[in-house]
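Student: Construct the entire structure; sequences and hints are all you get.
Each number in our numbering corresponds to the 1-based position in the first sequence with 1431 added.
Please keep in mind that the hints were generated in silico from the structure rather than gathered at the bench. Fair warning: there could be bad hints in the mix.
[As the list claims (entries may be wrong)] Just the calculated beta-carbon pair ranges, DEER-fashion:
| id | residue 1 | residue 2 | range |
| --- | --- | --- | --- |
| 1 | A1560 | N2025 | 50 to 58 angstroms |
| 2 | Q2073 | A2026 | 20 to 28 angstroms |
| 3 | M1613 | E2030 | 24 to 32 angstroms |
| 4 | L1573 | F1635 | 43 to 51 angstroms |
| 5 | V1995 | N1504 | 17 to 25 angstroms |
| 6 | D1578 | K2028 | 38 to 46 angstroms |
| 7 | E1643 | E1572 | 31 to 39 angstroms |
| 8 | P2029 | S1527 | 20 to 28 angstroms |
| 9 | Q1539 | K1518 | 23 to 31 angstroms |
| 10 | Q1917 | S1524 | 36 to 44 angstroms |
| 11 | E2076 | A1697 | 48 to 56 angstroms |
| 12 | K1518 | S1943 | 36 to 44 angstroms |
| 13 | N1504 | E1643 | 23 to 31 angstroms |
[Stated by the list, open to error] Once the Cα atoms are required to be at most 27 angstroms apart in a straight line, the calculated DSS-like pairs of lysine-lysine come out as:
| id | residue 1 | residue 2 |
| --- | --- | --- |
| 14 | K1606 | K1887 |
| 15 | K1535 | K1998 |
| 16 | K1887 | K2028 |
| 17 | K1653 | K1690 |
| 18 | K1535 | K2028 |
Idealized CB from N, CA, C, for every residue including glycine.
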Amino acid sequence: MDAEDIDWKDEDEDEGENEERWNEPVESLLETRNDGLQEASLSSNVGDDGNPSVSTSDARGDGMMSRMALNDNKAGMDGLDKERINKIILETSKGSRFYENERKKEAQVNQRIDRMKQQLAGITQQQKAAALVEVDTMAAELEASRDFSRSIVHLDMDAFYAAVEMRDNPSLKNKPMAVGGMSMLSTSNYHARRYGVRAAMPGFIAKKLCPELVIVPTNFDKYRAVSTQVREILGQYDPNFCPMSLDEAYFDLTEHLEKRKELSEAERTFDYGDWNSQSEPTNDVQEGEEKDSVGKTQSHGDISEQDSTQESCVCGGANDETLSPSRMQAEVSSNTSVACRCAESTNNASDPCHASLGVSKTESSTSHCAVGAVTSRKRSRTFGFTVEEVVEEIRFRIEQKTQLTASAGIAPNVMLAKICSDKNKPNGQYRIQPDREAVMEFIQQLPIRKVSGIGKVTERMLSALGIQNCTDLYQQRALLHLLFSQISSQHFLRISMALGSTRVERDSERKSMSTERTFRELHKPADLYSKCSELCQALAEDLQNEDLVGKTVTIKLKTVKFEVKTKACSVPMAINSADCIFSVAKDLLRAEINACKPEPLRLRLMGVRLSNLQSSSASTNKQGSIKEFFKKRQNPAAQSGQLPEVHQETGNGYEKPRSQNTMVAFSSDSPKKRTGSDVVVTLPSESEPQPSTSEPQTESPFSQVHPSDRNFCPTLGDRITDDSTTGNNHRRDESAMEDVSNDAIGTSEFLCPVCNIPQPCTDLEAFNEHVDVCLNRGAIRDMLKQQASEDNPTASRNSTSLAKGKRGSSGPKSSAKRRKQEKTQTNTLDRFFN
DNA sequence: GCGGATCAC
DNA sequence: TATGGTGATCCGC
Ligand SMILES: Nc1ccn([C@H]2C[C@H](O)[C@@H](COP(=O)(O)OP(=O)(O)OP(=O)(O)O)O2)c(=O)n1
Ligand SMILES: [Mg+2]
Ligand SMILES: [Mg+2]
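Tutor: So, in structure tokens, the structure goes:
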């Protein structure tokens, strides 16, 4: 219905001129920004209303949705022929259910942008001036807190899965290859990226882009093993390093750099790996085309020119003499040449095939070194005392240990370090000097999309305001303050000021655990329940492995049309057994099946998540009553005993969540103490096996009482929806629940679907009565609510909403507390199943 | 607390 | 033929 008026984004417009330009020094300086007068610059592109007017839609209308277009925001993807690639993607996708759903989502984003622009039109210069004062106050505070004292590093393995596969099958090295399957790719090597083949792209599309592409399946065990090897190294430099995935981590070298002053030369010397001995020079070890054995490092004539700067060659050479007689010892290692990278940092866009293949001007020097290596070979390298050298050392050790290369970024904060690690990727590193000028110069022309946390949608929204780079972002700070929530505008402000977290925070406790699977269409209720049961069993296993229990069960459904819907239901006590989880999940599922009757619920994916987690061991285990309670809910429907299969191609689902890395020496735990009195349910599965031929027997209190449970699960019925003040309020109920469970030990219980409190019931009638009371309470509450809203018509200012993933502020983890209280006009998207 | 969306990897 | 899985955060109810 709404899919007609789609705005097409101009993707190709500025392509080709964007690449890597952001790194070049620019003459205009940011330090003039804080003089408070730079608003004048805004006047250059303002309309009568004083606000920027930028069109969102594509004047050329060449038909590429931004959502469908190639996402080239990735290392090794500069200078591609995007027009051709997007055409192939489009032609291959057009007409598919996936494509149609993407169109729908695109239309929604366009609506959001339109709403934002409407708000924009209503903003007066006066408002903006006031906002500017406010925002500049904030900016001043932020400026005062600027901190250059930390040496933060972000390290990221190059083409990780693909590199592992190439290492173990050298015949792949000179071919474009990807890891995954015809349905989905996990990643690709740099050779394949030249064709536009990248992670999260379906294999069959990748094959159209690059018919010679070799696709190999995943081996998660290997990736995990490599990850462990890498983490073992990182832990020696910062015991509090923070892994963000199997292939990357943040860490802080500040302390290590202090301690390092005391280290002997031997302690700064590391052997080449056995694999790297005589026969093969490092050069061709790594992935064939991307070997670029000459590490791409900045050439800084000005850095510690002494022994240290010389990085590999000199530095290594210095102690070579001690360790290895050969003076010339041709730096075989990848990190050898010092000054190579800077000259080539600006890629030659005209020749994409060579641009990122590492076949660069440095090549000559490399081969030169390699030649020397043949005659006399080094057994080890010694590293100096600067940050750069430490990071070189880490990357060297990683490569010698795993035969895989990594790239790294060094900066005074996490946000910048992350961007830097991509800059000289693959097999390179980049440092931003820890002073304001260097940092500001780095940031000013930086496209906002490079910043972690700014994704496709945010990029489009900001683009609609004429914001492309960080300079724009700063100049429009007043507007952003008016249009976005406090947390978002402050986030933007921090980015534009090149500020980020200066601490790498330890992994926080997990907040949820989930499992989901894509499958060929299922629509028969028995199959759906069976799948649900499998998922619950798998989830329960994972939960028990980590000794976790939780109170909120959420199911996720994706229809064959790719529409996603989630349904949640919280129960008063923490659970983690398959039976308990399933008893809740199946009711949620049943309601959805019923809701779209008489049409079948046609799904391509189902998921189950448990949140509101607590540690099982920390909680009081009151099995008795809870067990009884859940026996009532328990349903034998699907005792298929099967676990969901992992995704055949990406192998996802096999990489089970693991307890966090073992390297952490000790973290003075100040974990928030959980409510130690919560009840844990550990229900021994004593359920009778049952053929999963049909809908589960409705043994749960829900259906015992009300055959049409649609109206009674608190999360399903709209009319009795939760209200934070009363009905479904957990906080309040927790204490009550404890009382109930304590008092009710040994008695039979039903869970009231309205208040969610287990009711000790001797008979069904009493329970029904209780439910009626709750229902009335709910009705009254709704009435009061309605009345209140009539009395007090929404005096809320409109604000553009921006749902963000990941970090709200800057650090690897953050918790922003305050939220803006303004609301957007209600927009209900209840198009599901319609 | 719930549901939708965005984001990263 | 064919478009993933896990976890987190934010917004508006
Ligand atoms: N959408 C994605 C992105 C990544 N990955 C996996 C495969 C990658 O190898 C690994 C690391 O992700 P990166 O973003 O670091 O990508 P690569 O390491 O593959 O390439 P590079 O870091 O060189 O750009 O995570 C995935 O499964 N799905
Ligand atoms: Mg990587
Ligand atoms: Mg990564």
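Student: Next pair to validate is K1653 with K1690; report whether the Cα-Cα distance is within 27 angstroms.
Tutor: The given pair, whose Cα atoms are some 33 angstroms apart, is violated under the 27 angstroms limit.
Student: Between Q2073 and A2026, does the beta-carbon spacing fit 20 to 28 angstroms?
Tutor: Holds: the Cβ-Cβ distance is about 27 angstroms, inside 20 to 28 angstroms.
Student: Mind checking the hinted window 23 to 31 angstroms against the Cβ distance between N1504 and E1643?
Tutor: Roughly 25 angstroms apart at Cβ, these two residues keep to the hinted range, so it holds.
Student: For the pair V1995 and N1504, does the Cβ-Cβ distance stay inside 17 to 25 angstroms?
Tutor: 24 angstroms Cβ-Cβ, so the 17 to 25 angstroms window holds.
Student: Is it true that the C-beta distance of D1578 to K2028 lies inside 38 to 46 angstroms, as the hint says?
Tutor: violated (60 angstroms)
Student: For K1535 and K1998, compute the direct alpha-carbon distance and say whether it is at most 27 angstroms.
Tutor: holds (21 angstroms)
Student: With respect to the beta-carbon atoms only, verify the hint that P2029 and S1527 lie 20 to 28 angstroms apart.
Tutor: Check passed, 27 angstroms falls within 20 to 28 angstroms.
Student: Note whether the CB distance of E2076 and A1697 lies within 48 to 56 angstroms or breaks it.
Tutor: Taking Cβ atoms as reference, E2076 and A1697 lie about 51 angstroms apart, which means the hint holds.
Student: Within a Cα-Cα threshold of 27 angstroms, do K1606 and K1887 meet the stated pairing?
Tutor: violated (30 angstroms)
Student: Are L1573 and F1635 spaced within 43 to 51 angstroms by their CB atoms?
Tutor: Holds, since L1573 and F1635 (Cβ atoms, about 48 angstroms apart) stay within the stated range.
Student: Quick one: are Q1917 and S1524 within 36 to 44 angstroms, going by C-beta?
Tutor: The hinted range 36 to 44 angstroms holds for Q1917 and S1524, with Cβ atoms some 39 angstroms apart.
Student: May I ask you to test the hint 31 to 39 angstroms on the CB atoms belonging to E1643 and E1572?
Tutor: violated (56 angstroms)
The structure fails hints 6, 7, 14, 16 and 17 (numbered hints given earlier, in ascending order).
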